[in-house]
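Chemist: Sequence:
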Amino acid sequence: MGVARRFKEELGDRVTIVAAEPMQGEPVQGLRSLDDGFIPPIIDLSLLDRKIFVTNRDAVIWTRRLLDEEGLFAGVSSGAIARVAVRIASEMDEGNVVFIVCDDGWKYLSSGVYTLPVDEVADLESTVWW
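Numbering-wise, our numbering puts 50 at position 50 of the sequence shown, and it's gapless, one number per residue.
No wet-lab data here; the hints were simulated from the structure. Glycine is no exception: its CB is placed at the ideal position from the N, C-alpha and C atoms. Hints are not guaranteed to be accurate.
[Said to hold, decoys possible] Simulated DEER-style distance windows between Cβ atoms:
hint: 1; residue 1: 46; residue 2: 117; range: 35 to 45 angstroms
hint: 2; residue 1: 53; residue 2: 100; range: 17 to 27 angstroms
hint: 3; residue 1: 39; residue 2: 119; range: 28 to 38 angstroms
hint: 4; residue 1: 14; residue 2: 44; range: 16 to 26 angstroms
hint: 5; residue 1: 12; residue 2: 110; range: 39 to 49 angstroms
hint: 6; residue 1: 6; residue 2: 112; range: 31 to 41 angstroms
hint: 7; residue 1: 45; residue 2: 110; range: 32 to 42 angstroms
hint: 8; residue 1: 86; residue 2: 24; range: 18 to 28 angstroms
hint: 9; residue 1: 72; residue 2: 119; range: 37 to 47 angstroms
hint: 10; residue 1: 68; residue 2: 107; range: 17 to 27 angstroms
hint: 11; residue 1: 109; residue 2: 12; range: 15 to 25 angstroms
hint: 12; residue 1: 119; residue 2: 3; range: 32 to 42 angstroms
Please model the complete structure; the sequences and the hints are all you need to start from.
Modeler: So this is what it looks like as structure tokens:
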């Protein structure tokens, strides 16, 4: 949330802070849906203008797209925020969308996220991904 705070300080109402959030009840490594009642100590909800839910499946699909189309070897949480960034961009008539990649793909190498067809990734909806 330090980046969001800085953006708000510099840009005020000209910036919108949007969070990618896992679907309620989906297992998540180090992150839970805010609707499940867990609020991480580092998050300042007053800085969030909006949150968008992302399924594990979409997070994995967009992780693959980051690698295949952009050459970014990112982790699954980055795939989730890429999905949100593209959605936000599709809603805008003009302006810029920035998303910050905070993880890499090394810890997912054995999972099949980068190599298997998405429908063959084991336990896609029940695995703790991001």
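Chemist: Look at each hint and say if it fits the structure.
Modeler: Status of the hints after comparison with the structure:
{"no.": "1", "hint": "46 / 117: 35 to 45 angstroms", "result": "42 angstroms, holds"}
{"no.": "2", "hint": "53 / 100: 17 to 27 angstroms", "result": "19 angstroms, holds"}
{"no.": "3", "hint": "39 / 119: 28 to 38 angstroms", "result": "34 angstroms, holds"}
{"no.": "4", "hint": "14 / 44: 16 to 26 angstroms", "result": "19 angstroms, holds"}
{"no.": "5", "hint": "12 / 110: 39 to 49 angstroms", "result": "45 angstroms, holds"}
{"no.": "6", "hint": "6 / 112: 31 to 41 angstroms", "result": "37 angstroms, holds"}
{"no.": "7", "hint": "45 / 110: 32 to 42 angstroms", "result": "35 angstroms, holds"}
{"no.": "8", "hint": "86 / 24: 18 to 28 angstroms", "result": "22 angstroms, holds"}
{"no.": "9", "hint": "72 / 119: 37 to 47 angstroms", "result": "23 angstroms, violated"}
{"no.": "10", "hint": "68 / 107: 17 to 27 angstroms", "result": "19 angstroms, holds"}
{"no.": "11", "hint": "109 / 12: 15 to 25 angstroms", "result": "42 angstroms, violated"}
{"no.": "12", "hint": "119 / 3: 32 to 42 angstroms", "result": "35 angstroms, holds"}
The structure fails hints 9, 11 (numbered hints given earlier, in ascending order).
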